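Participant: Sequence:
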Amino acid sequence: MGSPNYDALKLMILLSIVLTSIKATALPHQNPKSNSTQINSNSVLVALLDSHYTELSELVEKALLLQTLEQTVSDHNITIFAPDNEALERQMDPEFKRFLLEPGNLKSLQNLLLFHIIPSRVGSTEWPGEDVVHHETLCVDESDNLLPLTRGNTGEKLVGGIAKVTRPDDVIRPDGLIHGIERLLVPRSVQEDFNRRRSLASISAVLPEGAPVVDPRTNRLKKPAAPVPAGSPPVLPIYDAMAPGPSLAPAPAPGPGGPHHHFDGESQVKDFIHTLLHYGGYNELADILVNLTSLATEMGKLVSEGYVLTVLAPNDEAMAKLTTDQLSDPGAPEQIMYYHLIPEYQTEESMYNSVRRFGKVQYDTLRLPHKVVAEEADGSVKFGHGEGSAYLFDPDIYTDGRISVQGIDGVLFPVEEKPTSEPVTAPKVVAKQRRGMFMFL
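Reading the sequence shown from the start, the letters are residues -24 to -1, 1 to 417 in mature numbering (1 follows the signal peptide of the UniProt record, and there is no 0).
Simulated from the structure, these hints should not be mistaken for laboratory data. Note that this is a predicted model, so its numbers are computed, not measured. Mixed in with the good hints there might be a few duds.
[Said to hold, decoys possible] Cross-link-like lysine-lysine pairs, in silico, DSSO-like; alpha carbons within 30 angstroms at most:
1) Lys347 with Lys297
2) Lys140 with Lys73
3) Lys246 with Lys347
4) Lys297 with Lys358
5) Lys38 with Lys140
6) Lys347 with Lys358
Make the full structure from the sequences, and use the hints.
Facilitator: Here's what the structure looks like:
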């Protein structure tokens, strides 16, 4: 048996150990204030996840915004402007939706969704009248945290000035409510991020480059030509860009839309042909350009390359005078039209001023080496010579800065160059001299 003092000391030590262990086990269960907020089943966030706004709910989960919204709901009520599923599934640009769902654009997706939530309760009864009231949103970007609420001319509720409220007070809960809207609201910062998503150099096509050329005189590589500024006239003459002949027309384009791609020549040619048809009296010319020949395609490619053209367009009455023999030869329609195409941009005013100043003016045509002669006659411009001449009949039918169409009342033909034959002079015949013969009797 031990002494009573020793037994009492041992009992006190045992009690202290038990109390210490009880405190140690009780400390982890004490939650003075936890960082995670508990949300009850009657919260507006739970109602959003269980509502028919399934597309918006999926985006909220993918944007990792549930914890942020739980903290917001614990502090104050919120109002959610929820776009319907059709606005998020069908009406949204697929490229924009793909941009939002990329992992690197999580901040843009969060700002887009938080722009639809304001940290206050605004029901149908609290909606402003004619005046515009701006409410702060949960958007992180300070430049986009104001959302205007107003009414339209017919009294409908508008959010952001563009989205109608289709389901006012659709979901009502003690900590907030949800209004259904017809379209998605995109803040300016998200739109700028989408526009800057890729640099221009990364999305531009690689320009084709030719093989290096060796100068045979120096056995060194030739230096590439300097780049041509945008909109400047082409370096090569128009005749080098044309098709080699009617049998090979049109010439293959050097690239899709030309190497510079500054002009849409096909659209401009199509526009001027439509103008001819609507203007009236030039259907035969339009038919030749589109159906009988491939000149419309070739003209479109020339304009795309930066060249300009002036078309002397004969009217239907003049085209009806063409005979079968004039059109039956291979390539005859092309050659006739080539003679009516001037590789310059001329208007009625510029041509009339030229002939008034210089008298006769010769214009190059696409039918080498022939030129068309213009002169002033009866207050107008006359092309050609003698009976084959034509007057400027309908000025400036179509002028767009690249193509000019001038209506004339005749079909022009180049002057046939007849070889000048010099009169053949007969060679002088020299009589053969006879020697005298003496006869002896």
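Participant: Compare the structure with each hint and give your call.
Facilitator: Hints and how they fare:
| no. | hint | result |
| --- | --- | --- |
| 1 | Lys347 with Lys297 | 22 angstroms, holds |
| 2 | Lys140 with Lys73 | 22 angstroms, holds |
| 3 | Lys246 with Lys347 | 27 angstroms, holds |
| 4 | Lys297 with Lys358 | 19 angstroms, holds |
| 5 | Lys38 with Lys140 | 26 angstroms, holds |
| 6 | Lys347 with Lys358 | 14 angstroms, holds |
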